[in-house]
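2 protein chains.
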Amino acid sequence: MSATISLEECRALAFEAFSNVGVCRPQAEETADHITRAEADGCKSHGLFRLPGFIASVRSGSADPQAEPDIVDAAPGLVAIDGRRCFAPLSVARGRVLLAAKARSQGIACMTIRNSLNFSALWPDIEPLAEQGFVAFTFINSQSFVAPAGGTKALFGTNPMAFACPRGDGKAPMAFDQASAATARGELQIAARDGHEAPPGSGLGPDGQPTIDPSEILKGVQLPFGGYKGSAIALMVDLMTGGLSGGFFGYESRAAYNDDGGPANTCQSFIAIDPLRLAGPGFRAHVEALFERLLADGDARLPGDRRLANRARTAEEGITVEDRLYATVRELAGRG
Amino acid sequence: MSATISLEECRALAFEAFSNVGVCRPQAEETADHITRAEADGCKSHGLFRLPGFIASVRSGSADPQAEPDIVDAAPGLVAIDGRRCFAPLSVARGRVLLAAKARSQGIACMTIRNSLNFSALWPDIEPLAEQGFVAFTFINSQSFVAPAGGTKALFGTNPMAFACPRGDGKAPMAFDQASAATARGELQIAARDGHEAPPGSGLGPDGQPTIDPSEILKGVQLPFGGYKGSAIALMVDLMTGGLSGGFFGYESRAAYNDDGGPANTCQSFIAIDPLRLAGPGFRAHVEALFERLLADGDARLPGDRRLANRARTAEEGITVEDRLYATVRELAGRG
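Residue numbers (my numbering), protein chains in the order written: chain A, 12 to 347; chain B, 12 to 347.
Honestly, the hints are just simulated from the structure, not real lab data.
There's no promise every hint is true.
To be verified - One-sided and incomplete, this derived list gives chain B residues near chain A with beta-carbon spacing under 8 Å:
id	residue
1	13
2	14
3	158
4	240
5	249
6	257
7	284
8	286
9	294
10	296
11	301
12	304
13	305
14	308
Note that beta-carbon positions come from the ideal geometry of N, C-alpha and C, so glycine has one too.
Let's have the full structure, built from the sequences with the hints guiding it.
Written as structure tokens, this is what we have:
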């Protein structure tokens with residue numbers, strides 16, 4: 012019931028699908044790369060599954076397929092980007108160069124992005140910063156789907172945050188990427204499609220009552236993870252994205268959404284810090300000592316370990332794409 | 012069963028107790044202020060309850076009551092502090108001036124503190140930054156008490172983080188301050204003292220099994236809030252504190268601890284960002300619009316609202332101190 016294709020094929024299919032609807036080469040390349048990295052790491056909910064949505068946002072006019080982001084050098088440690096309704100992976104890739112240069116010279120830098128269209132995975136945005144030696148944060152909002160603790164109305168986006176830290180011994184950076192919602196919306200969509208239940212605590216139905224039916228939650232509201240503490244994290248993410256960028260909060264993004272099934276107009280921020288100038292040259296070895304202890308304790312795992320294992324496997328074996336999605340993707344790529 | 016005293020009296024008692032064991036004026040003033048702010052906001056677990064521990068750490072020699080922190084201007088956006096075993100509130104107060112100046116000129120700045128002794132509340136550390144208009148984070152570790160998700164051995168500290176954001180209309184900043192542990196250790200200690208149960212999910216007993224007996228959890232390990240997501244936050248906090256400062260991770264702090272009942276040698280970091288240079292002058296009004304929506308939804312509350320209500324009340328009515336603690340505090344202050 013599924014096809015197996017190489018990562019190169021995945022990238023080429025996505026690139027061709029974008030080109031076919033008039034997406035400029037830089038946006039097409041960066042967004043195809045983003046989708047491919049999600050597939051490589053086994054994150055199906057942010058891989059080719061998202062391609063039809065991206066294409067829909069071009070067809071509906073909500074995305075500007077020719078836009079180049081406007082990058083402002085706002086202060087010695089600050090970068091402010093207006094994405095001009097481009098796909099966010101281009102805003103990130105363009106801005107990250109200046110962000111890294113500032114973090115290198117100042118020791119820390121921050122970048123905000125507003126007015127970009129996104130529903131991609133987050134870790135690919137900061138992994139390159141950690142590969143350059145930075146400790147890095149990123150925060151992103153979405154249109155509002157999540158009620159605050161104690162409430163029943165959608166206010167926050169699913170509001171993921173990601174954090175990455177360089178490792179020693181030539182190892183790939185540790186990176187986690189987690190929604191402030193109890194469950195990622197992509198997972199709920201896939202559960203609804205496949206007829207599975209949602210994890211308890213994922214959300215409320217349209218009647219304001221808890222349910223494990225993912226379709227009902229998608230019509231109602233999602234809930235934050237971890238009760239009021241997760242709700243505070245979700246609030247922080249909205250302030251660090253819609254607030255700090257001067258763009259849309261989750262509810263403003265939702266109000267502006269045209270229901271094309273594509274990515275919403277969202278905001279993102281980054282912080283990159285050079286750890287060596289604070290902790291000295293022993294930083295990476297010190298981090299490895301902590302990780303070694305963690306990995307020695309029962310079933311404890313480092314965040315992202317499963318992704319890295321998937322990455323090693325898919326580089327060899329390629330990825331599987333469910334038949335119906337594969338047919339859709341081939342059609343979008345003009346190979347139908 | 013309790014005395015009622017004014018905030019001035021609380022501050023004076025704490026200051027005298029510190030002076031009586033030879034703590035220098037700057038450390039005594041800042042730490043007494045910290046304790047008093049916790050009491051003012053109704054956070055008993057970080058108020059006078061902590062005073063005997065601070066005093067014990069002077070008597071045992073783990074704190075240096077005469078130390079002045081060493082403040083290094085590490086980069087245009089970085090401040091690195093070695094507390095030289097002083098009480099952390101002095102490191103924070105001394106370094107925050109340079110941190111704020113850097114954040115103002117660079118747009119963002121980061122400060123790390125290592126080798127300071129702390130078990131205080133966190134929001135008082137960043138509230139002054141938000142009052143100056145900065146969006147601010149702080150992270151702090153403790154000696155290890157918390158197992159990672161999937162594990163049974165103490166690795167992380169309780170690892171609180173706090174986040175503060177300026178508000179509009181002359182309102183006090185929004186600030187949250189929450190442990191990465193499911194339950195603050197101070198709350199478990201108070202529950203054990205008072206014979207109450209711990210909230211389910213707080214931790215494991217020495218046998219590695221879940222329990223709601225706070226005394227058993229204090230002998231075993233605490234658990235992170237929110238499962239593997241809270242565990243990732245706890246890991247992030249250890250990396251942002253022990254890692255970034257080049258000081259102790261939680262388990263290193265525990266190994267160095269002399270069991271005097273006082274604060275451990277811990278690490279902290281701060282990030283301060285000037286939102287106006289990214290979001291423009293509409294930032295505060297935009298934030299208020301988000302908060303207004305949140306407050307209009309059912310039982311949803313802004314983090315810290317209860318603290319601010321307590322603050323308004325205790326300014327008028329003073330604070331209550333449980334009789335036995337009050338007797339101890341008076342004795343430490345030389346008024347026994």
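Discussion item. Checking each numbered hint in turn, tell me which of them this model violates, lowest number first.
Written reply: Numbers 1, 2 and 10 - these are the hints that the structure violates, sorted from lowest upward.
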